[in-house]
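Fit chain B to the supplied structure of chain A, relying on the hints for placement.
There are 2 protein chains.
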Amino acid sequence: MSADIAIAGLGMTEVGKVFGPTAPQFAAQAVRRAVADAGLILPDVDGLLVSAGATRDVTIGLAKDLGLKDLQLLAQVTAFGSTAGALVQYAAMAIRAGMAETVVCVHADAPLRDGTSAGASYGARRDLGATGYRTAVAAAGMTGANQMYAMAARRHMLTFGTTSEQFGAVAVAERAWASRSPLAQLRDPITIEDHQRSRWIAEPFHLFDCCLVSNGGVAVVVTSAARARDLARPPVYVLGWAQGHPGVQLERGSQFGLVSAASLSGPAAMKMAGITTNDVDVCELYDCYTYTVLITLEDYGFCAKGEGGEFVASGVLGPGGALPTNTGGGQLSGYYLWGATPLSEGVIQTRGDGGDRQVDRHDVVLVSGNGGILDYHSTLVLGTNPG
Amino acid sequence: MSADIAIAGLGMTEVGKVFGPTAPQFAAQAVRRAVADAGLILPDVDGLLVSAGATRDVTIGLAKDLGLKDLQLLAQVTAFGSTAGALVQYAAMAIRAGMAETVVCVHADAPLRDGTSAGASYGARRDLGATGYRTAVAAAGMTGANQMYAMAARRHMLTFGTTSEQFGAVAVAERAWASRSPLAQLRDPITIEDHQRSRWIAEPFHLFDCCLVSNGGVAVVVTSAARARDLARPPVYVLGWAQGHPGVQLERGSQFGLVSAASLSGPAAMKMAGITTNDVDVCELYDCYTYTVLITLEDYGFCAKGEGGEFVASGVLGPGGALPTNTGGGQLSGYYLWGATPLSEGVIQTRGDGGDRQVDRHDVVLVSGNGGILDYHSTLVLGTNPG
Numbered sequence: 000m001s002a003d004i005a006i007a008g009l010g011m012t013e014v015g016k017v018f019g020p021t022a023p024q025f026a027a028q029a030v031r032r033a034v035a036d037a038g039l040i041l042p043d044v045d046g047l048l049v050s051a052g053a054t055r056d057v058t059i060g061l062a063k064d065l066g067l068k069d070l071q072l073l074a075q076v077t078a079f080g081s082t083a084g085a086l087v088q089y090a091a092m093a094i095r096a097g098m099a100e101t102v103v104c105v106h107a108d109a110p111l112r113d114g115t116s117a118g119a120s121y122g123a124r125r126d127l128g129a130t131g132y133r134t135a136v137a138a139a140g141m142t143g144a145n146q147m148y149a150m151a152a153r154r155h156m157l158t159f160g161t162t163s164e165q166f167g168a169v170a171v172a173e174r175a176w177a178s179r180s181p182l183a184q185l186r187d188p189i190t191i192e193d194h195q196r197s198r199w200i201a202e203p204f205h206l207f208d209c210c211l212v213s214n215g216g217v218a219v220v221v222t223s224a225a226r227a228r229d230l231a232r233p234p235v236y237v238l239g240w241a242q243g244h245p246g247v248q249l250e251r252g253s254q255f256g257l258v259s260a261a262s263l264s265g266p267a268a269m270k271m272a273g274i275t276t277n278d279v280d281v282c283e284l285y286d287c288y289t290y291t292v293l294i295t296l297e298d299y300g301f302c303a304k305g306e307g308g309e310f311v312a313s314g315v316l317g318p319g320g321a322l323p324t325n326t327g328g329g330q331l332s333g334y335y336l337w338g339a340t341p342l343s344e345g346v347i348q349t350r351g352d353g354g355d356r357q358v359d360r361h362d363v364v365l366v367s368g369n370g371g372i373l374d375y376h377s378t379l380v381l382g383t384n385p386g
Numbered sequence: 000m001s002a003d004i005a006i007a008g009l010g011m012t013e014v015g016k017v018f019g020p021t022a023p024q025f026a027a028q029a030v031r032r033a034v035a036d037a038g039l040i041l042p043d044v045d046g047l048l049v050s051a052g053a054t055r056d057v058t059i060g061l062a063k064d065l066g067l068k069d070l071q072l073l074a075q076v077t078a079f080g081s082t083a084g085a086l087v088q089y090a091a092m093a094i095r096a097g098m099a100e101t102v103v104c105v106h107a108d109a110p111l112r113d114g115t116s117a118g119a120s121y122g123a124r125r126d127l128g129a130t131g132y133r134t135a136v137a138a139a140g141m142t143g144a145n146q147m148y149a150m151a152a153r154r155h156m157l158t159f160g161t162t163s164e165q166f167g168a169v170a171v172a173e174r175a176w177a178s179r180s181p182l183a184q185l186r187d188p189i190t191i192e193d194h195q196r197s198r199w200i201a202e203p204f205h206l207f208d209c210c211l212v213s214n215g216g217v218a219v220v221v222t223s224a225a226r227a228r229d230l231a232r233p234p235v236y237v238l239g240w241a242q243g244h245p246g247v248q249l250e251r252g253s254q255f256g257l258v259s260a261a262s263l264s265g266p267a268a269m270k271m272a273g274i275t276t277n278d279v280d281v282c283e284l285y286d287c288y289t290y291t292v293l294i295t296l297e298d299y300g301f302c303a304k305g306e307g308g309e310f311v312a313s314g315v316l317g318p319g320g321a322l323p324t325n326t327g328g329g330q331l332s333g334y335y336l337w338g339a340t341p342l343s344e345g346v347i348q349t350r351g352d353g354g355d356r357q358v359d360r361h362d363v364v365l366v367s368g369n370g371g372i373l374d375y376h377s378t379l380v381l382g383t384n385p386g
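Residue numbers (numbering that gives the first Met the number 0), protein chains in the order written: chain A, 0 to 386; chain B, 0 to 386.
So that you can see chain A by itself, here it is in the shape it has in the complex:
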């Protein structure tokens, strides 16, 4: 089946330690740039989907500030780290249903103030303490994402023999990519030794296992594939998509830390696209932690369950590797804008716009979004050909 939906525009603000603009201002700038990139003008936009990070409650305000009129689709959505992918999916379905023709999806955040983090929007979990289980978790010091993911990673280490050095291989590979990207916040190459020497955040996570905090905004223009072919840039076809939200069994059950929600959304999205992992040229994976990359690769089927450590340490992820992954440095070394990080780099690579970091073969690009504590997951399959 030929893809009927495409990403026709990408807009990015300056990202990283960029001070001054509020999240809504970053969002507005990203929307303007995405629309211009597509060769469109703002009055062409008839749908706006806003990721509810720090930009909460600004939906109609954003539309008005941009002078958007008579929108036929407008909402703020959150599924945490899976939101960016989910917005593209929502836009695709609305276009298919005839609700709208040109939908802009935007994520922006501005947690950094004058160089000091005021805390990312997705910081401490507000619902901790809601139940007996969570009260106990909070009382044990597990008050944020770092500690929760650390426990998940530790479980993977204990069960499969995964090592901190293997996690480090992810960080090293991503930094190697980042060193080639003008968009990346951290561009100095690192070694496994650097990773091992970086300070503890929450054992087994060193500093270099954890994502950055960034200000900025990213927007994409989604439209029909037919229309995208008449616009300014080569269409990035949306070949397949899915979500997976496993619920209680992965958090409290025997699989905690061993399997992620990628095991649900990955195979479903690849099935929709009519591909297998063998067809994937590039991966852009949500990497709030090095561990997340490793387990996503396992759950997507790039290696057997439990063999993710060996897989990432084999050198496949970095420049020159067989499975180029997080080619902009990801959230670890590039910039952290939730699911908009892998989405933006996915569009760049599919288009062949990656400059010094461009991957030679980029016909099929997988983009993942992961949120909560392995609770939310979205997958997009992007491609240069409609299939």
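Note that these hints are calculated values from the structure, not bench results.
No experiment lies behind these values; they were computed from the predicted model shown.
Positions of the beta carbon are idealized from the N, C-alpha and C atoms, including for glycine.
Everything hinted at is true.
Chain A stretches covered by chain B per the calculated footprint, using a threshold of three residues with CB under 8 Å from any CB of chain B:
#, stretch
1, 83-94
2, 371-378
If you want the ones that stay clear, here's a sample from chain A, every Cβ over 10 Å from chain B, calculated:
#, residue
3, K16
4, G38
5, Q146
6, E164
7, Q184
8, R186
9, T190
10, A224
11, L230
12, A231
13, G273
14, D278
15, G353
Okay, now just chain B, sitting in the frame of chain A:
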């Protein structure tokens, strides 16, 4: 074209001055009841869409508390008063795309504490003061929805000669319906004189022009029409839908107060359903204020622009009238759960479950959702026949 989507289940908690449960607890109860109403069990649910009112950030928590597993669609969405309709639309498109088969949409709120309102979730606008225009508005005392809508209503009165007594006719008609509904918070019949004597809230709005504040939750189960026919209750077919978000021109432009976003979403939804206003048997309209009902009826085309006052005063809306509207007492006399109020009563009437308030002809039921200050709008066309 035959409808491919239906609402198969409705779940409502006790609504009104119901103290004790939190919004997430109301939400969970509503979901359980909706699923049971459809003749399904919780493991059948593979999608959950949560209206982001007071229930913010509980999406995965709600899923886990209910024991939902392996969801293929999960998000929290806000488009303010248009959200409930928008969720049903989102669910419909996801089912059509094969993302999920059984999607529950839920809204819950619990602003009332021990009989005293702690403020509805949608209270003072948080984005006031964001721009010069809004700073001026806030400085003039326009800090909440009451004052903003009052100004819109006043404009309608000044331009078209609409009177307070005509607004009162909406309140009287809805109370007459409420007197027949066991779900309604206010059931004592009122007269135009009672309306006129009720205290000022924000001129020209008397108390009886303004919606209630309520605790409670409402959920609906959306599935394919084919599947709904095999379930426990008669399918409520989703025949058409649309959204309309006019943006800057209606707020700041010459049309402020004279035309609402219903003028965008209503015609589009009726076109999708292949109907005209002549085919509509029942209206369930978002009635945060009496004025909203009047202008929605104009913008949907039930009367000419500017003639809404005469139309509603002619007695068409109440029991025995030609256009039964807000048959559960609406948000003015029934209960206020954002767009879940008109949605819930729309499902009840389409099914013929209205008891003493059931309308005889109920083949086609219009449901509206209105949010912001006439900024957000959604319309659903529900029906007993797939068409």
